[in-house]
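Start from the sequences and build out the full structure, keeping to the hints where you can.
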Amino acid sequence: MASRFAISPLIETMHSEWVLAGRYPAGANGPWAARWRETYHALVQEHPVLRAAATISGNKGDANVDFIAPPPTAVDVPFETELVAMRATPLETAHGEIRRALAGRPPVVDWIRELLLGPEVVRLFAAAYEALWREILSHDWPRFRAVLQRDVAQRAGRLAAYGWQAALEDLRPNVRWHRSGRIEVKLSTRVGTHRLDGKGLLFLPSAFMSTIGCYLEDAWPYALVYPARGVAAALPTPDADLAALIGRSRARILAELAEPATTTQLAALLGQSLGTTGGHLAALRRTGVIAGTRVGRSVLYARTSLGEALING
26 MASRFAISPL IETMHSEWVL AGRYPAGANG PWAARWRETY HALVQEHPVL
76 RAAATISGNK GDANVDFIAP PPTAVDVPFE TELVAMRATP LETAHGEIRR
126 ALAGRPPVVD WIRELLLGPE VVRLFAAAYE ALWREILSHD WPRFRAVLQR
176 DVAQRAGRLA AYGWQAALED LRPNVRWHRS GRIEVKLSTR VGTHRLDGKG
226 LLFLPSAFMS TIGCYLEDAW PYALVYPARG VAAALPTPDA DLAALIGRSR
276 ARILAELAEP ATTTQLAALL GQSLGTTGGH LAALRRTGVI AGTRVGRSVL
326 YARTSLGEAL ING
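Read in order, the letters of the sequence shown are residues 26 to 338 in this note's numbering.
Keep in mind the hints are simulated off the structure, nothing from the lab. It is possible that part of the hints are untrue.
[To be verified] Below, simulated SDA-like cross-link-like pairs (lysine to any residue); rule was C-alpha separation at most 25 Å, straight line:
hint, residue 1, residue 2
1, K224, F30
2, K224, W245
3, K224, Q179
4, K224, W202
5, K224, E242
6, K224, A67
7, K224, W136
8, K224, L184
9, K224, T98
10, K224, D195
11, K224, V210
12, K224, Q190
13, K224, A185
14, K224, A186
15, K224, A113
16, K224, A79
17, K224, V102
18, K224, T64
19, K224, R183
20, K224, E209
21, K224, G188
22, K224, D101
23, K224, L108
24, K224, N89
25, K224, R201
26, K224, A268
27, K224, G238
28, K224, W189
29, K224, P73
30, K224, L193
31, K224, G182
32, K224, P115
33, K224, D243
34, K224, R207
35, K224, Y187
[Unchecked claim] FRET-style restraints, in silico, Cβ to Cβ:
hint, residue 1, residue 2, range
36, V134, A191, 46 to 56 Å
37, G296, L270, 20 to 30 Å
38, G129, G304, 48 to 58 Å
39, S298, V134, 30 to 40 Å
Using N, Cα and C, we set each Cβ at its ideal position, and we do this for glycine too.
The structure is reproduced here in structure tokens:
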């Protein structure tokens with residue numbers, strides 16, 4: 026099966042906009058959303074297409090378009106590369122998706138319809154998402170990217186050791202892998218069968234979504250978006266007594282290791298240098314509260330039973 030995991034900064038920019046606009050719950054990202062909401066509202070004033078986007082993007086059900094954040098073509102591509110691909114969307118493709126989305130929703134006001142079906146709609150979305158990335162998401166992307174990379178690394182390890190069923194077993198309760206190679210996704214608004222015909226399926230973790238999303242338009246690679254593991258630990262608040270015992274930074278690292286992670290990922294999550302994080306990891310490893318396992322060129326750290334007992338009181 027040619028399926029694989031990938032990370033998309035452009036899709037995460039779209040998801041972050043849904044959260045900032047209030048169309049999806051912020052969940053564990055509540056403090057992040059509160060910090061950036063004023064900046065977001067200023068961008069909406071500058072880019073009215075973001076207000077119009079609510080009619081065709083981020084709606085539970087079928088009334089959504091794909092062209093504003095198409096599935097990536099590689100495992101971990103830069104935002105700028107994805108934006109170039111989005112800008113290259115043929116106008117007829119964008120208008121076709123928009124018309125299908127609008128057909129499934131109540132009538133929209135004239136200015137929104139004219140903007141969405143106008144000749145500049147692709148350029149306007151590209152400019153708005155570039156501004157969202159530059160002004161908001163890029164500042165915290167190293168931390169969010171580390172969360173996504175950690176999820177992918179863990180699932181890739183399960184895939185290599187035990188196969189696709191183990192890699193996908195906890196995506197969501199409504200996703201099941203069948204030994205025949207068939208993936209069953211139960212969605213309340215969609216019924217049907219889609220054949221991959223050897224081209225595989227992209228699995229895209231999201232730090233913002235709590236539900237499953239699908240890309241099933243033939244114009245794009247088929248993809249399944251799922252909630253990444255460990256988002257709630259991205260800004261951990263270590264227990265005060267534990268922080269007093271081993272230090273705040275080491276307590277935070279121990280809290281983060283609810284999900285295994287590499288030194289690089291932990292440094293990004295905590296906003297520390299690699300040297301500082303490596304020193305803390307070495308100390309935690311010497312005391313037996315974490316252990317490291319080499320996976321390829323990296324070492325993946327996880328809590329030991331002693332570490333679990335320490336973090337859980």
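These are the hints, each one checked on the structure:
no., hint, in the structure
1, K224 x F30, "holds, 13 Å"
2, K224 x W245, "holds, 11 Å"
3, K224 x Q179, "holds, 23 Å"
4, K224 x W202, "holds, 17 Å"
5, K224 x E242, "holds, 14 Å"
6, K224 x A67, "violated, 41 Å"
7, K224 x W136, "violated, 40 Å"
8, K224 x L184, "holds, 18 Å"
9, K224 x T98, "holds, 12 Å"
10, K224 x D195, "holds, 24 Å"
11, K224 x V210, "holds, 18 Å"
12, K224 x Q190, "holds, 19 Å"
13, K224 x A185, "holds, 20 Å"
14, K224 x A186, "holds, 23 Å"
15, K224 x A113, "holds, 22 Å"
16, K224 x A79, "violated, 31 Å"
17, K224 x V102, "holds, 19 Å"
18, K224 x T64, "violated, 40 Å"
19, K224 x R183, "holds, 22 Å"
20, K224 x E209, "holds, 17 Å"
21, K224 x G188, "holds, 18 Å"
22, K224 x D101, "holds, 18 Å"
23, K224 x L108, "holds, 23 Å"
24, K224 x N89, "holds, 23 Å"
25, K224 x R201, "holds, 19 Å"
26, K224 x A268, "violated, 49 Å"
27, K224 x G238, "holds, 19 Å"
28, K224 x W189, "holds, 16 Å"
29, K224 x P73, "violated, 37 Å"
30, K224 x L193, "holds, 18 Å"
31, K224 x G182, "holds, 22 Å"
32, K224 x P115, "holds, 23 Å"
33, K224 x D243, "holds, 12 Å"
34, K224 x R207, "holds, 14 Å"
35, K224 x Y187, "holds, 22 Å"
36, V134 x A191: 46 to 56 Å, "holds, 49 Å"
37, G296 x L270: 20 to 30 Å, "holds, 22 Å"
38, G129 x G304: 48 to 58 Å, "holds, 55 Å"
39, S298 x V134: 30 to 40 Å, "violated, 51 Å"
The structure shown violates the earlier hints numbered 6, 7, 16, 18, 26, 29 and 39.
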